[in-house]
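A.B. asks: Residues per chain, in single letters:
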Amino acid sequence: MRFVQDCPEARLLPSRFHFALARLLAMARSYATPPRPDVDRIVYAIDRHQNAAEHYAVSIWVVFSALPLKPAAAAAVSVILAPIVAQVPLVVVGVLVLLFNRGRMRDSVAINSAAGMTLLFLASAYFAQRRSPVRFVAWFFFVVVALNALAWVILTLMRKRIRQMETQCGI
Amino acid sequence: MTASAWWRRFGSRGVFWRQLLRFGILNCPLWLEPVAIAWWSMFFLLWSSGRRTVMRNLSAIKPGSLAVVNFFRCYRVFWNYAWTIADKVRFKESRVLPDWEFVGWKHFEEMQARGGAILLTAHMGSYDLGAHLFSETSGHSIVMVRAPEDDPETRQFEETHSAEALRVEFTTNSTELAIGLLGAIREGHIVAIQGDRDRVTPGISDLPATLFGKPVRLPAGPFALAMAARVPIYPVFNVRLGRRRYRLVTREPIEIVRTANREAACQEAVQVWARELETIVRTCWYQWFSFEPESAS
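Protein chains in written order, with the numbering used here: chain A, 1 to 171; chain B, 1 to 297.
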């Protein structure tokens, strides 16, 4: 794990964020001069899961997307089959991740995160076509996914600027 | 294993909860973490003795506040505690560290520069993370004094999963402990003691003090040790500010003047410490993890 000492600008380094949308927002905010923290010294850890605002926002988004989809899914599939069916995508995603990622995502947290997101993606794809109000939740999920993809493209174009920011902070 | 020993693992201090937390850290997606912690903090409100103690502490820290308000504050204490222990396990298992802020850097540096010192702290933040920070920023190792876990399985679990930078000494035999700690200070180590809890172990001496206007008894050990080793006491507090964000507050050292009246000198130092403790706890009441009865109540 890398650290940056006494550089307030490091707080909004894109490398401290996970999703492209959050990284892009951090980039936008980084143009304003960050306030000097009222402390003697400061050490920032460079980890892509470090930002609290992103972490809570993603958590709220996933939970509020999953909540209305879950009972709808339970009604759609029979009660007996539901637990078995629910496990199939988890296993498939887990195996695919292990096969195609050449062991880079061997840790369970990453596999379970990917499996959970895939499940949510599949559920949203299914419910987006239904006529029930739950389709709005499903479409909102896709809007966020699309925005994230767009942010990734913008960030790819700005990679030189990101590298420059990191160099300024000594990493 | 007897039936009662088997059931003990599910008690509030049982090993089962630590194993479950470790499992969660190693398997739970990060976006599920706030939900899991919010739920488990609510579940631990059922722990009546811990809840009552925190409520009593809160009524002393914030006199005149409503019980229902203190109940929600109590939830906030449990919520912070859950995040702190989760951060500790994540560090041990995945070496993930939080951001650090330093207040009182001058005193912190001074403590690290001198050979041997006593670090007096409270039940706040995580000592494992703090110990790692010490080993990263100085060549000294830290010796932590703490009460042993009641449950043998929990004790074994904690010993197996403790941080490398941390040497833990348990307050089981006060005489042997004092000699050991004196030796550690003379070797140039920093001895960390939690000085906000009285009656940790029967036989450990204490001194009277006033905390939030109420009479309490605080451990006398750190002050007697400082007098014997002729070193100052540094009040250091490890405060959790938010997710993966901690602040290390180091206050001015407490010097114990050696006089003919040792008890009066210790008593004076205890009062200074009580004032420091009161100041920090008043600001950061939401993370004073004092779950033992007879704290500020």
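Hint data in this document are derived by calculation from the structure and do not stem from the laboratory.
A few of these clues could be false.
Stated by the list, open to error - The following label-pair restraints were derived from C-beta to C-beta distances: (1) B:Glu268 x A:Thr33: 44 to 54 Å; (2) A:Glu9 x B:Leu241: 33 to 43 Å; (3) A:Thr33 x B:Asp206: 20 to 30 Å; (4) A:Thr33 x B:Arg275: 45 to 55 Å; (5) B:Gly183 x A:Phe64: 26 to 36 Å; (6) A:Ala52 x B:Trp47: 53 to 63 Å; (7) A:Ser108 x B:Ala264: 10 to 20 Å; (8) B:Phe43 x A:Ser108: 45 to 55 Å; (9) A:Gln5 x B:Asp206: 20 to 30 Å; (10) B:Trp47 x A:Ser108: 53 to 63 Å; (11) B:Glu292 x A:Gln168: 46 to 56 Å; (12) B:Ser49 x A:Glu9: 22 to 32 Å; (13) A:Met1 x B:Val35: 24 to 34 Å; (14) A:Lys160 x B:Glu187: 50 to 60 Å.
As the structure is a prediction and not an experimental result, all values here were calculated from the model.
Where is the CB? At the ideal position from N, CA and C, for every residue including glycine.
A.B. asks: Now tell me, hint by hint, if it's right for this structure.
C.D. replies: Hints, verified against the model:
1. B:Glu268 x A:Thr33: 44 to 54 Å: Holds, since Glu268 of chain B and Thr33 of chain A (Cβ atoms, about 47 Å apart) stay within the stated range.
2. A:Glu9 x B:Leu241: 33 to 43 Å: At roughly 19 Å between Cβ atoms, Leu241 of chain B and Glu9 of chain A fall outside 33 to 43 Å, so the hint is violated.
3. A:Thr33 x B:Asp206: 20 to 30 Å: The hinted range 20 to 30 Å is violated for Thr33 of chain A and Asp206 of chain B, with Cβ atoms some 51 Å apart.
4. A:Thr33 x B:Arg275: 45 to 55 Å: 38 Å, violated
5. B:Gly183 x A:Phe64: 26 to 36 Å: Cβ of Gly183 of chain B to Cβ of Phe64 of chain A: about 57 Å, so the range 26 to 36 Å is violated.
6. A:Ala52 x B:Trp47: 53 to 63 Å: 27 Å, violated
7. A:Ser108 x B:Ala264: 10 to 20 Å: 58 Å, violated
8. B:Phe43 x A:Ser108: 45 to 55 Å: Since Phe43 of chain B and Ser108 of chain A have Cβ atoms about 23 Å apart, the given range 45 to 55 Å is violated.
9. A:Gln5 x B:Asp206: 20 to 30 Å: 40 Å, violated
10. B:Trp47 x A:Ser108: 53 to 63 Å: 29 Å, violated
11. B:Glu292 x A:Gln168: 46 to 56 Å: Given about 48 Å between the Cβ atoms, the range holds.
12. B:Ser49 x A:Glu9: 22 to 32 Å: 47 Å, violated
13. A:Met1 x B:Val35: 24 to 34 Å: About 26 Å separates the Cβ atoms of Met1 of chain A and Val35 of chain B, which means 24 to 34 Å holds.
14. A:Lys160 x B:Glu187: 50 to 60 Å: Check passed, 52 Å falls within 50 to 60 Å.
Of the numbered hints given earlier, the model fails hints 2, 3, 4, 5, 6, 7, 8, 9, 10, 12; all others are met.
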